[in-house]
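Visitor: Make a model of the complete structure from these sequences and hints.
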Amino acid sequence: MSSEILSTHRDDTEEAVLEIRDLRVSFEMDTGTVKAVNGANFNIGRGETVCVVGETGAGKSVTAFSVMRLLGAGGVSQRASLDGDIVFRPGDGKEYHILSLETQEMLAIRGRHISMIYQEPMNSLNPVYSCGDQIAEVLVYHDQKTKKEAMSAAEEILDLVGIPDIRRVLKSYPHELSGGMQQRVMIAMALVLHPTLLITDEPTTAIDVTIQAQILNLLQQIQQTSGTSILFITHDVSVVAQIADRVVVMYAGYTVEIGSVYDVFRNPLHPYTKGLLKSIPKQLKPGEKPERLRPIPGTVPNPAALPSGCPFHTRCDSADERCRESMPGIDTAETGQTVMCWRWQELQ
Amino acid sequence: MDQKGILMDSTPIVVTKNLCKWHTSRSLFYGSKKGVVKAVQDVSLSINTGETLGLVGESGSGKTTLGRTILQLEKPTSGIVQFKGRDLTTITKKQLQALRQEMQIVFQDPYASLEARMNVGDIISEGLDIHKLGTKDERRERVEELLGVVGLAPEYSVRYPHEFSGGQRQRISIARALALNPDFLVADEAVSALDISVRAQVINLLIDLSKEFGLTMVFISHDLSVVQHISDRVAVMYLGRIMELADKETLYNRPKHPYTQALLEAVPKPDPSQREKFRVLSGDIPSPVNPPSGCVFRTRCPKAIDDCSAVVPESREIEPGHFVACIRV
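Same order as they appear, the protein sequences are chains F and X. The opening residue of the first sequence carries number 1 in the numbering used here; numbering runs sequentially from there. The opening residue of the second sequence carries number 1 in the numbering used here; numbering runs sequentially from there.
Any given hint could turn out to be false.
[Said to hold, decoys possible] Derived EDC-like pairs (lysine to aspartate or glutamate); straight-line CA-CA distance at most 20 Å:
| id | chain 1 | residue 1 | chain 2 | residue 2 |
| --- | --- | --- | --- | --- |
| 1 | F | K171 | F | D133 |
| 2 | F | K285 | X | E276 |
| 3 | F | K289 | X | E249 |
| 4 | X | K75 | X | D87 |
| 5 | F | K282 | X | D271 |
| 6 | F | K285 | X | D223 |
| 7 | F | K282 | X | D247 |
| 8 | F | K145 | F | E155 |
| 9 | X | K269 | F | E288 |
| 10 | F | K278 | X | D271 |
| 11 | X | K269 | F | E202 |
| 12 | F | K289 | X | D247 |
| 13 | F | K274 | F | D317 |
| 14 | X | K303 | X | D284 |
| 15 | X | K269 | F | D236 |
| 16 | F | K282 | X | D223 |
| 17 | F | K274 | F | E334 |
| 18 | F | K35 | F | D83 |
| 19 | F | K274 | X | D271 |
| 20 | X | K132 | X | E102 |
| 21 | X | K269 | F | D263 |
| 22 | X | K256 | X | D307 |
| 23 | F | K274 | F | D331 |
| 24 | X | K94 | X | D129 |
| 25 | X | K269 | X | D223 |
Rather than coming from a laboratory, the hints here were simulated on the basis of the structure.
Guide: This is how it looks when you write it as structure tokens:
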């Protein structure tokens, strides 16, 4: 089924920097098997920003960690088992199947061609090394630069990400910087080798709106100048509206809807996407009174005990017998949106 | 539809006058210099009976401290807080404890604010026990009733906090806050830790409860669109001071303070057809240990002039009910 879906995502599959095909990730826990990702399918084109949106437990971060090969054998979580295929094309004609690479091969890709900005900068920077050392390490490791060369490259990249007092920041330890500054250091570290693909996992979640605006501007500006592809993970629908080219909506480990940001916001097809968009306060015009929010009832299912049939049927107003019993396939609408729902056409 | 309004009148339930809260602390930044953090500085505010007052600002602006100082969870350094006409800063501990029945708080972090070793029933009824209200059976009934009010099953009263999700915990927190039938509730980032769909459920719940019980609420949040949705009036804080205060309609559509304008411009719009480059406020909020002289916002303000560093701007009422602390307005 996956090849058929993939061909409809974009016509230029050949050009895709990243292809995720039927990714499944589960964790063996003492209490049972936690199925974090159950069928993720999407591509990222060159220079494209793809936003993965969903609630806690949707499998967004696990998908990102899988692309970075941080799970399973050779990764931090030995209890993970991964299935499916992740194809990465850095643009030099080569093609890598990330899940089956040797550890050494992956080390050469991670940090150089694919880099990641993690969720909490405070917890992701090493507290016992100065920021300069941490940025320089990337260059020393991948480019065999001397420490001195690496430090001057670090200075340049800190300037690019808009850090004012560069010399001080290079010598500072992470705890001496504000959250916004730490996030910039993380971004600098991820960008110093001009990666083909940048993954950002909720980069602005713990940050104030004014700093969020600075960081989003920065990411957009960097993308325009370098053509980096961005996989942007967030739960913030408004941020998606502002920065995405395409949107991937995840629920319970499945990519339930994919489409261009304009199509998905104007005409969401999956009941979950519709519910998400109705759960956020509307922009009010002058004089307009707020309407009551229409939240999706209930909560996200436990990934250790997913419901039968469509994973969303327990919270879906339109679920019927078929939804409760069997898993929907993936359909493609005229707009190119793909949707995993039995009833999307009737519900239009 | 007006969300509330029936119960709103303009008698203030809470009045603060020149309220200050300073923390003396060792600074985390730049070594171990000892400093005074002026978390709340000269806040004069009146909160009307039945209204929901939104309190917004960046982290470090003193929103949480103001909420806690109003409730006397932190003792003010100077200034007064009146609750229903009584000065909370001068009454005895015993009198204050009795008044606590009428003012409650929902804390920010639903994972840290529920005692892990108490079951849900005990957590919700603790206030009833402390104030010796009702018999054992009556308390149990009240717990079940409250669980119903916040949309949880009565059987949950024998379960423990770790068995619940973030949204459910926040509902338990709300049930606890409502147990004593308070008139005044501080909701401190009560929905910030929740997922979108659950957040919408809890927002609706808070709106319903404030209508149903005639609650006066201070809704603290850094999320400006949620505050716009839920509040009647909104106060904007920066470095411990209130920069602007107005009814929601005025504040969101005709903000006057440069800081309010910058904050509102930074909020991403949930609509891809309204994309624009964010007009960005440069830099970070300065350290409250060493705030700028004069207007605390002048270091980031696009409209700052020399005079801004000389005088602390007074809060002026530029039109009825619209207060701005800026000399450039």
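Visitor: Run every hint past the structure and note whether it holds.
Guide: Evaluated hints:
{"no.": "1", "hint": "F:K171 x F:D133", "result": "8 Å, holds"}
{"no.": "2", "hint": "F:K285 x X:E276", "result": "18 Å, holds"}
{"no.": "3", "hint": "F:K289 x X:E249", "result": "9 Å, holds"}
{"no.": "4", "hint": "X:K75 x X:D87", "result": "13 Å, holds"}
{"no.": "5", "hint": "F:K282 x X:D271", "result": "10 Å, holds"}
{"no.": "6", "hint": "F:K285 x X:D223", "result": "18 Å, holds"}
{"no.": "7", "hint": "F:K282 x X:D247", "result": "18 Å, holds"}
{"no.": "8", "hint": "F:K145 x F:E155", "result": "14 Å, holds"}
{"no.": "9", "hint": "X:K269 x F:E288", "result": "16 Å, holds"}
{"no.": "10", "hint": "F:K278 x X:D271", "result": "12 Å, holds"}
{"no.": "11", "hint": "X:K269 x F:E202", "result": "18 Å, holds"}
{"no.": "12", "hint": "F:K289 x X:D247", "result": "13 Å, holds"}
{"no.": "13", "hint": "F:K274 x F:D317", "result": "11 Å, holds"}
{"no.": "14", "hint": "X:K303 x X:D284", "result": "17 Å, holds"}
{"no.": "15", "hint": "X:K269 x F:D236", "result": "11 Å, holds"}
{"no.": "16", "hint": "F:K282 x X:D223", "result": "13 Å, holds"}
{"no.": "17", "hint": "F:K274 x F:E334", "result": "18 Å, holds"}
{"no.": "18", "hint": "F:K35 x F:D83", "result": "12 Å, holds"}
{"no.": "19", "hint": "F:K274 x X:D271", "result": "14 Å, holds"}
{"no.": "20", "hint": "X:K132 x X:E102", "result": "15 Å, holds"}
{"no.": "21", "hint": "X:K269 x F:D263", "result": "16 Å, holds"}
{"no.": "22", "hint": "X:K256 x X:D307", "result": "18 Å, holds"}
{"no.": "23", "hint": "F:K274 x F:D331", "result": "17 Å, holds"}
{"no.": "24", "hint": "X:K94 x X:D129", "result": "16 Å, holds"}
{"no.": "25", "hint": "X:K269 x X:D223", "result": "12 Å, holds"}
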